[in-house]
Amino acid sequence: MNSMVDVLVIGGGVAGMEAAGQLARSGYSVILAEKEPLTGGHLKNWYHLFPDRRDGNEVGEYLDNLVKNKNIEIRNNTCITGITGRKGKFTATASDGQVVEAEAVIVATGFDLFDSRRKEEYGYGIYPNVITSADLEKMFRNGSVKLADGGVPARIGFIHCVGSRDEKVGNLYCSKLCCITAVKQAMEVHEKISGVKTFCFYMDMRMGGAYYEEIYREAQEKYGVSFIRGKVSEVSQGYNGRLVIKAEDTLAGRPLRMELDMVVLMAGMEMSDAGEILAGKSSLRRGENRFFSTADNHTASNRSNMKGVFYAGTCTAPMNITESISHARAAVTEVVSYLREKKQRDE
Amino acid sequence: MKDFDIFVLPFNTGLYFILIYCVVRCVIWFRQLSRADKLRLQRGFFGRAFGQSLKEIFMESLIHRRILKSKPVLGYMHMSLAFGWFLLILFGTIEADIFGAKHLNPPYRAIFFRFFNPDHGTTGLTRIWSFWMDLLLAFILSGLLLAVIKRFIPGVVGMKKTTRHKPADRIALTALWLIFPSRLLAESFTCGAHGSGSFLTGTTGAWLASFLPAETLAYPFWWLYSLSLGVFFILLPVTRYMHIPTELFLIFMRNSGISTGDKTGTFSEVQIHSCSSCGMCIDACQMNFVTGIRYMQPVYLHRSIRNDEDITEIAHDCLMCGRCEEVCPVGIEISAVRMIQRRNKTGEPLVKNNWMGYFRNRNNVGSEKSDTGQVYNLRNGREVKQADVIYFAGCMTHLTPGIKEAMMKIFRASGEKVWFMDEEGGACCGRPLMLAGNDREARELINYNSEIIRKSGAKTLVTSCPICYNVFRDSYYLEAEVMHHTEYLKHLIDDGNLRFNYSGRKVVYHDPCELGRIAGIYDAPREVLSWVADLHEIPEREEKGLCCGGSLGNLILNPSKKAAIASDAVKRLTRNNPEMIVTSCPLCKKTFSQVSHVKVSDIAEVTADEIAAVQVRKPRRPASVSLKVMVKQLLE
Amino acid sequence: MNKFGFTLSVPRVIDYDKNDRSVADLIAAKEPTFRLCIECGTCAATCTAGNFTDFSLREINVLLRRGENEAAAEKINRCMLCGKCILVCPRGVNTRNVLFIARETLSKTNGHERL
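Residue numbers (our numbering), protein chains in the order written: chain L, 1 to 347; chain P, 348 to 983; chain Y, 984 to 1098.
Source of the hints: derived by calculation from the structure; they are not laboratory data.
Be a bit skeptical, because a hint or two may be false.
[Unchecked claim] Pulled a few chain L residues facing chain P out of the computed Cβ check, cut under 10 Å:
{"no.": "1", "residue": "S95"}
{"no.": "2", "residue": "Q98"}
{"no.": "3", "residue": "R118"}
{"no.": "4", "residue": "E120"}
{"no.": "5", "residue": "E121"}
{"no.": "6", "residue": "G123"}
{"no.": "7", "residue": "G150"}
{"no.": "8", "residue": "V169"}
{"no.": "9", "residue": "G170"}
{"no.": "10", "residue": "Y173"}
{"no.": "11", "residue": "Y239"}
{"no.": "12", "residue": "N240"}
{"no.": "13", "residue": "V244"}
{"no.": "14", "residue": "R257"}
{"no.": "15", "residue": "D261"}
All C-beta atoms in this analysis are idealised placements derived from N, C-alpha and C, irrespective of residue type, glycine included.
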């Protein structure tokens, strides 16, 4: 069990799987440690992906095939809680006592979704029809969008920036994906429920990705999604059981009150608990946003402060799937050159 | 034997100056009292208050009982200086009267007794007397030593931060410090030259005389002794030491039933002058010990008012948690004094000092804020529902819907007829405006809300926010009984209207400032909690409870510092690893939730979760009979 | 000089160069979080006073920053100082202090005199 492998990849989400798969293809021996019973990360729970709204399972299948490689040993239910060692000999310990030894490490611990109960004023966990974007994806996968009492919602509000760009919860950063996710989800709601009315409450529409702006246009043009500029301050439940939201329509300059059947909170991304534990039991540095901080923002976004330990994906900052995969591949190049140089030195 | 010597002049000048000054000052203060307060004071002076005041003066101004109880070493320091000096003067006067040349001497004969009677104290009773006088001097000097240590090594004498002082204070302090050492040396040299004196002055004198010309050196030290006393007395009115005579006046006023009120006046001014700058408030202040902010505590506020500085920022940079008031040994109504400063038009000092700061020109009292007219334009004719119980959640509770929903669950289980008055949002209760000193605007809101409550015909008004609770109780004139939901829950339990399951969860209770120190409700939440959970207490509870940091009392403190105060409070609350922090204020809940890893809940949520499935309900009491009336009927 | 027709009637334009932005500067100096506002409107959404009268802290904030002091002074006294806005502001603006300083400053200058 304790024999040395070339690379240990911590985290079996999109970035971890991509990195492990690419390393294995180049002939390196890899252990892929995943804390859950199955690999696939958050992608497993996502229905369709933006901007082209393809089925998330397709990307999942690609990744699953990629890690089906004799050079990869997948260890599920293995939560790595600490890394020690330096220069080509690292020892990682798992919560269940397993020990893994590797010449290089890729940390791909990913992100956790913001726990929306922390924004109590939005009533998540209090009012049954206040759900999160992740809950809505589950509903899409199950085939129907329903209220808690089984009814069909006629009006759905999407609240952007829940747990992002919010000093009150300690997250100053933008999670980047929530705006586009809200647009995508609003469109999908229209496809599932005919005649539904949807409203997106935003502070800024951040549509900075390929074809993002286009689907924003499509949402308005084809589906009539309403976009209201104003952050919602609170959600409550009226006598009739409908949800009531309060916002300011900042462009009209007047307070706005609206009854809704369902409120979807666009939960942001936070440093994962697994990443926090790992950071606590190793000397890996973190930034003010609590994500791992990279050696250089521009030229070494995969390198950590420990030589031989690299980062891939959203453990360093919010990223979409495209970026995660690219970042993981970049990590692979870093690992390959590191191992090659080490080999040369050893000889 | 001489009767007089020129060196006593500084002392005489100082003494007569300060005596006349105190009389004049008291007369001025008395004349500026309102008619009612004048009557109160007169009645107090010839009534029971007089005895109470004498007792209090003895216990607090001389013995310093309150400081002694909380900080023994600091208390000893104050006691030795105050009580020791008092005894020294008392016994010195008796000494001069009995053993002096004649009876009824001028004061200087007692103070400089040894100079005029250098050979006294060598035989019989006089030896014992001299021993006693030496003992008193030693007692004072021991306290003085502590004071010096405290000045140079803060933290040794039980107080972490010594207050910063202005130049006049420094000179007065130096004079004060010199008084007793110079007395020791003057007496010692005289005793050394004459072979008199007891264990302290005698021994020191003999030793000094063995290698120094004691007779010649004694005289300059008598001069120094007299000068230090004179300087100290003359500077007294412009330094913090004015608190010594002022506090006596304050005690009389307070025992006569005079209180601060909401306007500037003699009482607030006397209180400001009674502050001894002991610094107990600095230690108690979370803004000091968490965030290191050290310029706005009551000592500094009072000093700045005395010095006629712009106090706008100081007055507003305070959480108004009231922790300082709990520890103030002088018993100053600190929050009320601060509120007066806030009400005042900013930027203008309340009272202008003139004539070197010895007297204050009362004509320059700052004007009140101008009338801004009706500002809210509140619509009347709002829909009002008839109910027995009216529920006013409060602004903040709308941001913590968990509390709101829990209360609705409790109301449903209680079976009472409840109207949720501000379900769709209501007018503010008015307290935040008052805290900022805008009473006139607050009155507008109060009238609006009062009208609605009156129309509903409710007998009970329940609120979830302790801030609203205080303002409904103190600033509204309502027929309905005002209850915070902790009290309401207790009342439901007492009446047998609601039963709970015991969850056994380990919880800690946080006393919100507004419900605890300000409203004085400590037992109701604890009793209610004991029905549903396993309550663990921490030392910082009840009167010593912490501020959550989210206080609306402070306009200036920035969010990160507020968060630091909240984190510190959470750290202290969770020392014994409770499962949950329970509080009874939406603001505390919200503030703690942002920084706590332990779950934070309101008492309403904790109890609503444990409402027993089977309710054995007693027959409902008639709605028109209030709780108080029922208790009365039962007693009869 | 081309005035783009603005002189034809009472100008609606915010004359950024002529406007007196010293009030905003003073507020920012005393309460630096004033600068952090991104006009999201949460404060106005939750506002107790805003339910009753034409009062929006967001609007006041933007008016002051543009130097439209008179317009701000007209509305600024309607705040009830309840402080709900502090609890919801995602940028951590110390809203009550901003308002407090603005009120004091505007009452001294009557909204239009230069400081």
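Going down the list of hints, with the structure as the test:
1. The restraint placing L:S95 at the interface with chain P is violated, with a minimum CB-CB distance near 19 Å, outside the 10 Å limit.
2. At its closest, the beta carbon of L:Q98 sits 28 Å from a beta carbon of chain P; the interface hint therefore is violated under the 10 Å criterion.
3. For L:R118, the interface hint holds, since its Cβ comes within 10 Å of a Cβ in chain P; the closest pair sits about 7 Å apart.
4. Of the supplied interface hints, the one on L:E120 holds, with its beta-carbon coming within about 5 Å of a beta-carbon of chain P, less than 10 Å.
5. At a threshold of 10 Å, the smallest CB-CB gap from L:E121 to chain P is about 4 Å, leaving the interface hint in force.
6. The criterion of a C-beta within 10 Å of any C-beta in chain P is met by L:G123, whose closest approach is roughly 5 Å, and the hint holds.
7. For L:G150, the interface hint is violated, the least distance from its beta-carbon to any beta-carbon of chain P being 22 Å, above 10 Å.
8. For the restraint placing L:V169 at the interface with chain P, the shortest Cβ-Cβ distance is roughly 7 Å, inside the 10 Å limit, so the hint holds.
9. A cut of 10 Å between beta carbons decides the hint on L:G170: the least distance to chain P is about 8 Å, and the hint holds.
10. Taking 10 Å as the C-beta cut-off, the interface hint given for L:Y173 is violated, the closest approach to chain P being about 17 Å.
11. This hint holds: L:Y239 has a C-beta 8 Å from the nearest C-beta of chain P, less than the 10 Å allowed.
12. For L:N240, the interface hint is violated, since its Cβ never comes within 10 Å of a Cβ in chain P; the closest pair sits about 12 Å apart.
13. The closest approach between the C-beta of L:V244 and any C-beta of chain P is roughly 8 Å, which is under the 10 Å cut-off, so the hint is satisfied.
14. Satisfaction of the interface hint for L:R257 is found here, the shortest Cβ-Cβ separation to chain P being roughly 9 Å, below the 10 Å cut-off.
15. Contact between L:D261 and chain P, as hinted, is not supported at the beta carbon level, the nearest pair being about 17 Å apart and thus beyond 10 Å.
Going through the hint list in order, the structure does not satisfy hints 1, 2, 7, 10, 12, 15.
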